[in-house]
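Read top to bottom, the protein sequences are chains P and U.
End of the first sequence sits at 773 in this note's numbering; the numbers just go up one at a time, nothing left out.
End of the second sequence sits at 370 in this note's numbering; the numbers just go up one at a time, nothing left out.
For the record, the hints were derived by calculation from the structure and aren't laboratory data.
Check the hints yourself; a few may be wrong.
Between beta-carbon pairs, the in silico distance windows are [unchecked claim]:
| # | chain 1 | residue 1 | chain 2 | residue 2 | range |
| --- | --- | --- | --- | --- | --- |
| 1 | P | G121 | U | T279 | 30 to 38 Å |
| 2 | P | G121 | U | S317 | 41 to 49 Å |
| 3 | P | T339 | U | L173 | 38 to 46 Å |
| 4 | U | V365 | P | Q484 | 23 to 31 Å |
As the structure is a prediction and not an experimental result, all values here were calculated from the model.
We put the CB at the ideal spot given by N, CA and C, even for glycine.
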Amino acid sequence: MSANLNPPAGAGPQNPAAGAGPQNPLATEKDALEFGLKPDEWQHVLKSLGRTPNLTELGIFSVMWSEHCSYKSSRKHLRTLPTEAPWVICGPGENAGVIDIGEGDAAIFKIESHNHPSFIEPYQGAATGVGGIMRDVFTMGARPVANLNALRFGDPAHPKTRHLIAGVVAGIGGYGNCMGVPTVGGETNFHRSYNGNILVNAMTVGIAPADRIFYAKASGPGNPVIYVGAKTGRDGIHGATMASAEFSDDAESKRPTVQVGDPFTEKLLLEACLELMATDSIVAIQDMGAAGLTSSSVEMAGKGGLGIALDLDQVPVRETGMSAYEIMLSESQERMLMILKPGAEATARRIFERWELDFATIGRLTESGRIELRHGGQVVCDLPLPPLVNEAPVYDRPHTPTKKRPVVLNVPPPASLGQALQRLMGCPDLASRRWIWEQYDHLVTGHTLQRPGGDAAVLRLEGRQKALAMTTDCTPRYCEADPELGGAQAVVETWRNLCAVGARPLAVTDNLNFGNPEKPEIMGQLVGCIKGLGEACRALDYPIVSGNVSLYNETEGVGILPTPVIGGVGLIEHFERSASLAFKRAGDAILLLGDTAGWLGCSLYLREIEGREEGAPPPLDLAAERRHGELVRALIEDGHVSACHDIADGGLLVAIAEMGLAGNLGAALAFPAGPAAHEFAFGEDQGRYLLTTADPDAVMQAAAARGIPMIRLGTVGGVALTVNGGDATSLASLRAAHEGWLPGYMDAARAAAE
Amino acid sequence: MKSAVIVFPGSNRERDAAAALAAFGAPPALVWHRDHELPRSDLILIPGGFSYGDYLRTGAIAAHSPIMASVKHAADRGVLVLGICNGFQILTESGLLPGVLLRNASLKFVCRDVHLKVETSSSPFTRAYNAGQVLTVPIAHGDGNYFADEATLKRLQDEDRIAFRYCSPHEGGSGNPNGSIADIAGILNERRNVLGLMPHPENAVDPMLGSTDGRGLFQSLVEALAA
Chain P
20 MSANLNPPAG AGPQNPAAGA GPQNPLATEK DALEFGLKPD EWQHVLKSLG
70 RTPNLTELGI FSVMWSEHCS YKSSRKHLRT LPTEAPWVIC GPGENAGVID
120 IGEGDAAIFK IESHNHPSFI EPYQGAATGV GGIMRDVFTM GARPVANLNA
170 LRFGDPAHPK TRHLIAGVVA GIGGYGNCMG VPTVGGETNF HRSYNGNILV
220 NAMTVGIAPA DRIFYAKASG PGNPVIYVGA KTGRDGIHGA TMASAEFSDD
270 AESKRPTVQV GDPFTEKLLL EACLELMATD SIVAIQDMGA AGLTSSSVEM
320 AGKGGLGIAL DLDQVPVRET GMSAYEIMLS ESQERMLMIL KPGAEATARR
370 IFERWELDFA TIGRLTESGR IELRHGGQVV CDLPLPPLVN EAPVYDRPHT
420 PTKKRPVVLN VPPPASLGQA LQRLMGCPDL ASRRWIWEQY DHLVTGHTLQ
470 RPGGDAAVLR LEGRQKALAM TTDCTPRYCE ADPELGGAQA VVETWRNLCA
520 VGARPLAVTD NLNFGNPEKP EIMGQLVGCI KGLGEACRAL DYPIVSGNVS
570 LYNETEGVGI LPTPVIGGVG LIEHFERSAS LAFKRAGDAI LLLGDTAGWL
620 GCSLYLREIE GREEGAPPPL DLAAERRHGE LVRALIEDGH VSACHDIADG
670 GLLVAIAEMG LAGNLGAALA FPAGPAAHEF AFGEDQGRYL LTTADPDAVM
720 QAAAARGIPM IRLGTVGGVA LTVNGGDATS LASLRAAHEG WLPGYMDAAR
770 AAAE
Chain U
144 MKSAVIVFPG SNRERDAAAA LAAFGAPPAL VWHRDHELPR SDLILIPGGF
194 SYGDYLRTGA IAAHSPIMAS VKHAADRGVL VLGICNGFQI LTESGLLPGV
244 LLRNASLKFV CRDVHLKVET SSSPFTRAYN AGQVLTVPIA HGDGNYFADE
294 ATLKRLQDED RIAFRYCSPH EGGSGNPNGS IADIAGILNE RRNVLGLMPH
344 PENAVDPMLG STDGRGLFQS LVEALAA
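Build out the structure end to end from the sequences listed, making use of the hints.
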């Protein structure tokens, strides 16, 4: 190596290039394009730096400016979302959102996607997605108490779908089960638009003392920068960039950019971090997730307005000969970066060594406003931080609104309501997910009051009377038909699911999964959905406190359905005052809350029975949603309600069947005059709930007092469903259809393999 | 009753076990796997989880932890030892119980309520139950498929050492969730002071969380240690 490759310490921006060398040559435009930057972004780098970066520096720029880290296509629109409420402690921008849930407790939660890796390598992709979101939550000082997820797979008939389901479900279980964090809820749906680009969104909810939240903002020049957790390897290099590009059909060639998870190490990291957090040692902490050491160090120092100097020779590595570029861009899992208070190193080291984890002081905070990296005794990177964190391009991409669809009228009736119900209950989007959630430990820690399969999971909090309710929801076919309405409906559906168990909805986290934002019609979907989300959140006092944007979900130019998944969290003041969907007692009255016009446009009935994916989705009345939800909560709290279920996909009769199967009790129903029976049974009108009660008069009066429509629909009892005294549909046949589809589908794969 | 719960790196149901013991008046001492000394205890509980990440083989590494030597000594002295789930796997790996736990026959992790038949009430862990009683208790494991050779199986049967079997509430149903031989869910050692079982009685003590059929096991321990 020649001498001029070793610049003096403190080399400034005028320096032609920090430590370029054979392993770290000056970058070219070709490199920049390969790293995912656009030609104009490369020009911006040159201009803002005033020189040509070397390869390590370019790598840092390209990940910090990637869609994944910079939100450059969505930022302008995300700014319009409501993020504040008196109970919000910390909104978007940190590792996760934080809300006050009373008694000195805070709930910390976030949802995040791991779509591209899960398509390439389903087990590891899904597992590390779960590991990553749990780190985001415990980084802030919370013990994770629950995991949820939202999954989208392609057409069940597609040859890859089984393999992807099997791998993703095993991966989610493999990681969460080992961590001892119950996986309590989620949703799974199928559509051919996900054939080449599945969605794996993972959500974690944690609990921390409200006065002991840990943030990423660094302070105190001279304070040590500590690396803890697993060693750094060559896995996942440039994962954030991969997550910011479309797939071509050679996606499998990207397998080396998928990380490998080790939940055992993460369990140790969790316990060690929480132990250290109970002492007064940490200034700031951030997990090494997407873009690894690069984003954690740049963001911590950048948020604090400071600089950071790292000696990469001190980074624990598990492979020899790793370059600075590889160390900085690695996305090896189960690693954390911390800034400690002066003198706290010995305490911290003792804790991490007891848990048999790596602990290394790899640098110091500085006042330089720069990131300076040394490797092999040379300066290999010397970049100013402001361009990395503040000057990432923000695009106002052109967007065209989605054309409104006509309202579908006069859908023909089925040969028999019972047969149509049977088909719907066994269709891929409505069939039981038991095969999935039985692979998740949903009971560990012993707080699960409502297990998967209900409207929302309910978990009691340790040592408290209160409980948290949580759910994930989105109806992509509505979002495709009308993004603004679909975005709002996703929020409202979580609201309804939380109200249906008796919880007061407090805040949401959002995972915006869309196609290529450079296409105006896709950008139009994103803009429309965000607008709808914002409107619903404002109308319901239900702010967004954290989230994630996943764009470029396209393969071979075909985009996914717009899928803005919402994770909602609500509070139940006393865990004994909540409701579940199962019918409880024969003789209870079944009441229907909300109006039914029999809206079949964009419904599952239209798709599954008529084979038509068309029509405008059902309209949404946000003010009515709020009134209806508040009434349901009040009725549950007063102890009037024996069962409650919101009406969603598939409509009223599907919801009745779900309540019947859960309680192993049938029902006799009388439909009112008005809409045709199949419209009443399967219409997807919004704002509706089914309630059962032993005291229908009191409940009807309460609704009337608030001017909310409610009718008596029938009575619980028997072992079948009957409508207007017609043919009975037995619970046994519904159960066979409902429980049979997914295991039968998955076992067919096994049978074929044997 | 004085109790201790052993914590290995990767244990994850130690809090569930501690909460159940506390509910029966015996809040346990939590003992770190690298300790050599056990606190004076009437009951040692090895909890569920993924000790050492289940790497190598479930329970195999934990069985060689320093604390396990003390657990063996205590068992030899007649102290009660209860291994649940991963704890059962550790007890078979350390030789305190015969047989092995294989991958579930389905090759999948499974978490759900199962039905268990109490096969014997003649042990300090099951004396509060009636033999033949059917319980509902959850399971959560990927490697619960108990296997033992024929001679061992015969001994277990002849010596009344099968504590629990999976069963179906319906005539002719199997109810076996993992393919274990002879539907075995839990077994005793010769001296009847060591019990290993795959299901989680500690998650079946609170009516708000479902079944309370696990209470009998803790009640048995309270009675046995008071006697």
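Evaluated hints:
no.: 1; hint: G121/P to T279/U: 30 to 38 Å; verdict: holds, 34 Å
no.: 2; hint: G121/P to S317/U: 41 to 49 Å; verdict: holds, 47 Å
no.: 3; hint: T339/P to L173/U: 38 to 46 Å; verdict: holds, 40 Å
no.: 4; hint: V365/U to Q484/P: 23 to 31 Å; verdict: holds, 27 Å
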